[in-house]
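> Whole structure, please, built from the sequences with the hints as guidance.
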Amino acid sequence: MTSPFEIGKPILKKLNEAGFVAYFVGGAVRDFLLDRKIGDIDIATSAKPEEVKSIFSKTVDVGIEHGTVLVIYKGEGFEVTTFRKESEYEEYRRPKSVEFISSLEEDLKRRDFTINAIAMDLDGEIHDPFNGKSDLEQKIIRCVGIPSERFMEDALRMMRAVRFQSQLGFQIEEETYNSLEHLSPLLGKIAVERIYSEWCKLLGGKYKSSAFQSLIDTGLYYRLPASKELSRGIHSFLNLDVNDLKTEESWLLLLHNSDIQLPYDVLKKWRTPKALQKKLHSLLTFLQFRLENAWSPFALYQAGISQALLVERVFNCLESRDLSVSSHLLKTLYNQLPIQNREELMINGNDLFSWTDLTPGPWMKEWIEKIEKAVIEGRVQNNKEAIREWFLNEFE
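Here the sequence shown is numbered in full-length UniProt numbering, starting from 1 and rising by one per residue.
Don't take each hint at face value.
Straight-line alpha carbon distances no greater than 30 angstroms define the calculated DSS-like cross-link-like pairs of lysine-lysine that follow [unchecked claim]:
| id | residue 1 | residue 2 |
| --- | --- | --- |
| 1 | K14 | K48 |
| 2 | K246 | K331 |
| 3 | K279 | K331 |
| 4 | K189 | K58 |
| 5 | K37 | K246 |
| 6 | K278 | K201 |
| 7 | K109 | K37 |
| 8 | K201 | K139 |
| 9 | K96 | K139 |
| 10 | K274 | K201 |
| 11 | K274 | K246 |
| 12 | K384 | K370 |
| 13 | K246 | K268 |
| 14 | K228 | K278 |
| 15 | K331 | K269 |
| 16 | K96 | K53 |
| 17 | K278 | K189 |
| 18 | K58 | K13 |
Restraint ranges, calculated between C-beta atoms of paired labels, are given here [claimed, not checked]:
| id | residue 1 | residue 2 | range |
| --- | --- | --- | --- |
| 19 | G75 | Y222 | 13 to 23 angstroms |
| 20 | E125 | D61 | 53 to 63 angstroms |
| 21 | E105 | D40 | 15 to 25 angstroms |
| 22 | Y207 | T359 | 57 to 67 angstroms |
| 23 | H281 | S57 | 45 to 55 angstroms |
| 24 | G19 | Y222 | 16 to 26 angstroms |
| 25 | K85 | A18 | 16 to 26 angstroms |
| 26 | G63 | G349 | 25 to 35 angstroms |
Think of the hints as simulated: they come from the structure by calculation, not from any bench. All residues carry an ideal CB built from backbone N, CA and C; glycine is no exception.
Have a look at this one:
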């Protein structure tokens with residue numbers, strides 16, 4: 001058992017000592033069996049929420065009506081959820097009610113896919129009533145029970161199926177795949193924010209080409225926000241080597257290949273954070289520059305090395321070039337710049353004000369940018385006296 005579970009083992013032990021059964025469940029167990037990095041660790045137990053709260057000194061009610069209590073132990077948070085059965089679902093996304101139960105198997109039965117319906121006890125023994133471990137070994141994404149029922153309970157599970165395909169490189173089992181195709185219109189019932197969360201994980205997956213093929217073949221992509229505007233970009237992912245692109249790089253490629261004139265409008269439909277909208281707008285500008293030009297020192301300075309490398313990765317994807325060569329050259333060029341940010345410039349607006357008899361205004365920003373460019377291009381050295389002489393000469 002790996003170290004992330006070691007931190008949570010005392011929680012299982014305390015629950016066991018109090019007369020309850022408890023298991024590690026879900027994605028953490030799946031990723032442990034796949035030897036992948038483990039994220040949040042979830043625990044399922046026969047103890048009811050109030051009983052969990054009586055056992056541990058530090059708890060937070062994060063979803064107590066559904067049986068979940070956050071247990072704080074040694075600075076780490078663990079979601080501890082009571083075994084439960086769920087009633088019929090409302091609006092294809094949430095159960096009308098839940099019933100607390102004492103059976104692990106009944107609890108696992110309500111989960112989305114067999115690979116997520118595996119539990120592990122305090123001793124590291126695996127409990128796998130739905131053969132999820134076998135599906136992990138065979139690299140199969142299969143619903144627990146009847147796929148159509150799982151997807152009608154929560155239509156977001158359809159996006160999760162394709163997201164796991166992108167992250168794990170697994171194939172979607174035939175009956176599960178057929179249900180995706182048949183029930184894809186239900187995705188339109190799901191809040192954009194929930195779809196966006198799965199979408200970003202899909203875009204960052206190492207096997208996103210196959211996931212995009214599934215999105216197209218099942219018709220799921222028609223139900224995505226701004227699907228009409230992004231159609232060209234989505235189809236382009238089938239013909240490019242996109243698997244190594246990270247989430248923001250995939251977004252950039254998608255927007256560029258969709259030839260979108262107003263990216264802000266598309267990104268707003270996706271409810272993307274404003275900071276990401278602004279960043280992608282900037283990246284699109286630099287990508288267009290890169291497609292028409294080699295990096296100039298000043299363009300590289302304006303972009304900054306992290307944005308420039310991101311743009312270069314997308315550029316190399318579009319041009320089918322070797323990233324390692326251009327990445328090395330880009331870093332070398334950046335390290336040779338006289339300054340790498342405005343803070344390194346030896347003058348500021350106060351200096352310009354003292355060198356003229358003008359009142360402060362927009363002209364100062366304009367001239368700071370002119371001085372930056374002159375320093376970057378080697379037309380003036382980055383020292384105060386040299387800049388003053390150059391400025392007074394140019395300003396006249």
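> Would you pick out the hints that fail for this structure and give their numbers low to high?
4, 9, 15, 19, 20, 24 and 26
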